[in-house]
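Chains as they are written, first to last, in the working numbering: chain X, 3 to 130; chain U, 24 to 522.
Heads up, some of the hints might be wrong.
Covered stretches of chain X, going by a simulated chain U footprint (3 or more residues, C-beta under 8 Å) [claimed, not checked]:
1. 27 to 39
2. 85 to 91
3. 94 to 106
Since the hints were made in silico from the structure, they are not lab data. Note that beta-carbon positions come from the ideal geometry of N, C-alpha and C, so glycine has one too.
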Amino acid sequence: METVLALLTGFMVAGSVYMMLSKCLVRFIFGLVLASNAVNLLIFAAGRPDTAHPPLIPGGLSQPATVMANSLPQALILTAIVIGFAILVFVFILFFRAYETLGTINTEFMNAAEDLSAEPSPQNEGQQ
Amino acid sequence: MNGWLAAPIILPFSSAAISLLGRRHPLFQSGLAIATAFLHLGLGVWLLYRTHMTGITVLHLGSWQAPYGIALAADHLCALMILITGVVYSAVVVYSRADIRKEILERGYYPLLHILVGGISGAFLTSDLFNLYVWFEVMLMASFALLVMGRTRSQLDGGVKYVAINLLSTLLFLTGLGLIYALSGTLNMAHLHAKLQASSDPGLVAVVSMLFFTAFGIKAGLFPLFFWLPASYHTPPVAVSAIFSGLLTKVGVYAMIRAFTLIFPFVDNGIRELILACAVLTMVIGVVGAASHNEVRRILSFHIISQVGYMVLGLGLFTPLALAGTVFYLLHHIVVKSNLFLISGLIRQWGGSFDLAKAGGLYRFRGIVALLFFIPAFSLAGFPPLSGFWAKLILIKASVDAGYIGLAIAAAVVGLLTLYSMTKIWNEAFWKPAPQTGVNEAAKQMHFSPWMIAPVAAMAALTVFIGICPEPVYQLARAAADELLDPGAYVYTVVGHFP
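One chain only, chain U, in its complex shape (with noise of 0.2 Å):
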């Protein structure tokens, strides 16, 4: 029996429930966070090892079978994805104990974010389409609370375009996936990935894909659907910023990838390089989007978008290589962005003001925060030897390979434009000396919260890792190419018999 394999998703919903009982108490709720999260990462690590050891595992809820019933399913892209969250996750209620403020907490800001991350492990660990759905509704219900959660103008502003463009999104999914019903008669996706292989109609099963990949695309910021993302994760705090940046977006190029291996393997008809062609628009408009900014979070919310395209650029090559590269890449992305975030709130701390106008000095005054910038900054730029320079070299490497040398081209200057970004926040607020009107001398006494210096630590250290050996990373990110590209172990653990 595989019941434990229900243990990402189960035990945020209970914390989510025995964190509601204490709403008035911030330290009994913060502390069962950091407990939650904690244990999450465990459980992270123990489902990565037991998939790298014994295969593909299976759990056929209420025990009915595969394509009657719904089935979790562990390989290695979702045992990687589901210990990352966790990594990110219990960062975030780490820094959420000294960031968060206590109207917010009582409003059930802790509640709120485990059911967030119990959504997204449900995402990433069903393997039916309608149950995708529902987890999906269940991520998108929480996150449009905690955007929304501090009233202000900007975030209802904010609030209204995301959760009207997210709606849409969900509702062109529940449409491409009620197609997909008449056409196959199923939702399971292992069993799916049978019976559309055998489909008598390739031309509806390209106009369905489609759907999927719109629906997909909006959750993911993909060109040309990404505009409700800069307009609204610069307003929530920085924890819930730090959560979206790392982890949403990235819920939607996972369920991308597995639509796109598991349910309609590309096939010759073109699909394949509209996907290529959106992947380096988005890569490229995201950065020039990004150079246009002067405002941290605004800069960094481009930047999600810009890196996005180097994901889904690996998806649409479709090599071994380049999905190896893609896996890579979120791994690497997932833990810089959501650090990067987490910076802005110690500038901001810092300057009064995300606005680098205001900011200024931090190099002189509190060199360990700029030391802390810099790892994941040019990181994510792409420096040698930094966890994004290997996941940028895999992916140009297949480039190459595939014989697609202006994506890798556009991949390089994608990167040195990054790197543009990265030294105007990092001249403005490190270098520059601090302006003589915004920080006040009072601000140049205090002392960052360890709360909040020890996540950005521990997630720099983790990039400095990864850098300094992408081997077994690498490892495990080939492996888990080898299974999407060859999805026969997943669908016959899944419905128990080969395609």
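With the rest of the complex left out, here is chain X (with noise of 0.2 Å):
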């Protein structure tokens, strides 16, 4: 079981990373998803799972009789994949808006914040 997890998040990093190399920012957020899953994966596997024992406490007793599953590792994952969501809501709107403001997602020509010659616009900054 162990194997075959760390096989699956190993295939999952090595796409992932070749996507986010990728000059597209969509492949880039493709990317990122593959990405933040392998390590959900990755934290999975990390509780040693087992097939065997779901983490219950049978009646009348105040301490688990054998060896059971770890909860403990779901309990990240969910934390970890819901601020993933909404982290990828996030990343999804912000490369939005900069592919309609900077006409591109040519990570290549998106140099508008290095560009020297350039002047912050007078928007850009509060002035009273």
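Using the supplied hints, reconstruct the complex from the two chains, each of which is provided in its own coordinate frame.
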């Protein structure tokens, strides 16, 4: 089980790095999604998944009778997924705004912030 | 019960919520923000006083005992960082009153600023790794939004780069966190200290520590991971730049200090040497980058990088004096750097541009601003008797004591090169006569808003104060360093038994 998860995580990370190195911002987002899922899978594997014993304590006992699956990694993953969703929505909107404003999703041509000759436009700053 | 320990986190978040109710009332929002920030500053003072008098305090949230629940813990380093956050927070909200334009206010500037500070305070206070990840995300979300609020071309472009690399860094951090959980079965930093020392596989621990080093190195702006910083920090409004420059990279440095003192104390495996090498290269490359620029905020952005090198240098030396130097440097740097960014706003208001070629004449027409720039700028370069001199002196002495003469020389030379950049700004913006075309006559009649001058003056006064009586600050920094080098007390307070 762990070997399969490890291999799968490895493939996902490899794919995500390939996508993120692309000059296209849309591919970057897909790479990011893939990478965050790969990390979630890694945390899942870190909890030593075990199919046989659900983490339930039988009635009348105060502690588990047998070795059981660890439920904490799932709580961690759930948190990471929720945060990941929020971030992803923000990134999608930000990249879309960047596309509308800069007119490109090719990172090669995105240099508005680094253009030394360009002045920050007056509306950039609050002035009163 | 130590419930008050959560106050520096709860306070900004409640203000953010209340502030959202009054989005259309700038004066209400600004008043609330100023009240909140000063209250936060007061909490910081109290926290430091309590910590200094009674030692490390811990709060087990939900009364779940330490390795099982999330704990907040305040030691000297944490209390000092909360205090200095309060200083920058207060200065920035006062400055914002005159600096931030109405549309940006209506888009929710103040709530986001509160959330940012809440996230930063959380990151300083927590002693749980996963919780630290959550605070990082809270902080990042607020900073993403603050960065692109003006929706200009350069902000969106800088924003894309900032967001992309920071998300990657967070993923690396999360990966390290997952692996460390697999290795030790705990995420509490104090508990990890005990568990990892007993780990049977030091090689794996070293690999995971490098993941953390890379993740925090990106956030701190360490060589060779800093390229996002000068690409984005000069784009948002000045008040936002100031709080970013003062606090965000320093959260990365703080996390790195915690990681390499508490979780992975240095052993003989070359990681310490790697950190030292990164620190020196960061110092040198940052200052050279600054020398090549001619726009105030770009110069200052590169100086952030250079200064982060000094702090990490102290961590890499890992002696009590060096760590005290790092803490001293952090405190000095946060005040001085935020202040310089705030002053860049004054230069811009005067000359209409951040470009030094278009500025000039400030010394002649606005001597007080020249004086206010002079103090933090020369403190940054390490002139006696300003705060930067003591910070650099401690680190250089620590390098010499540890037998790294080369590092001491590098630190001194970087100080000189910093002086070069600062004199460049001084000559161009202050001493040079105003260019005929740039500054019109109307500008010469204008007055700087007292809302902008007051925080700049207060922080300059603080710089002079630290410079003239460094002893109390050094004592506090030294106390923090002693706690960092011997985390026994921290571990005992948090998990209830000695490592």
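Right, here's what the structure says about each hint:
With 5 residues bearing a CB less than 8 Å from a CB of chain U, the region 27 to 39 of chain X meets the requirement of three and the coverage assertion stands. A stretch counts as covered by a chain when three or more of its residues have a beta carbon under 8 Å from one of that chain; for the region 85 to 91 of chain X and chain U the count is 3, and the coverage holds. Counting residues of the region 94 to 106 of chain X whose beta carbon lies closer than 8 Å to any beta carbon of chain U gives 6, which meets the minimum of three for the stated coverage.
Comparing the model with each earlier hint shows no violations; every hint is respected.
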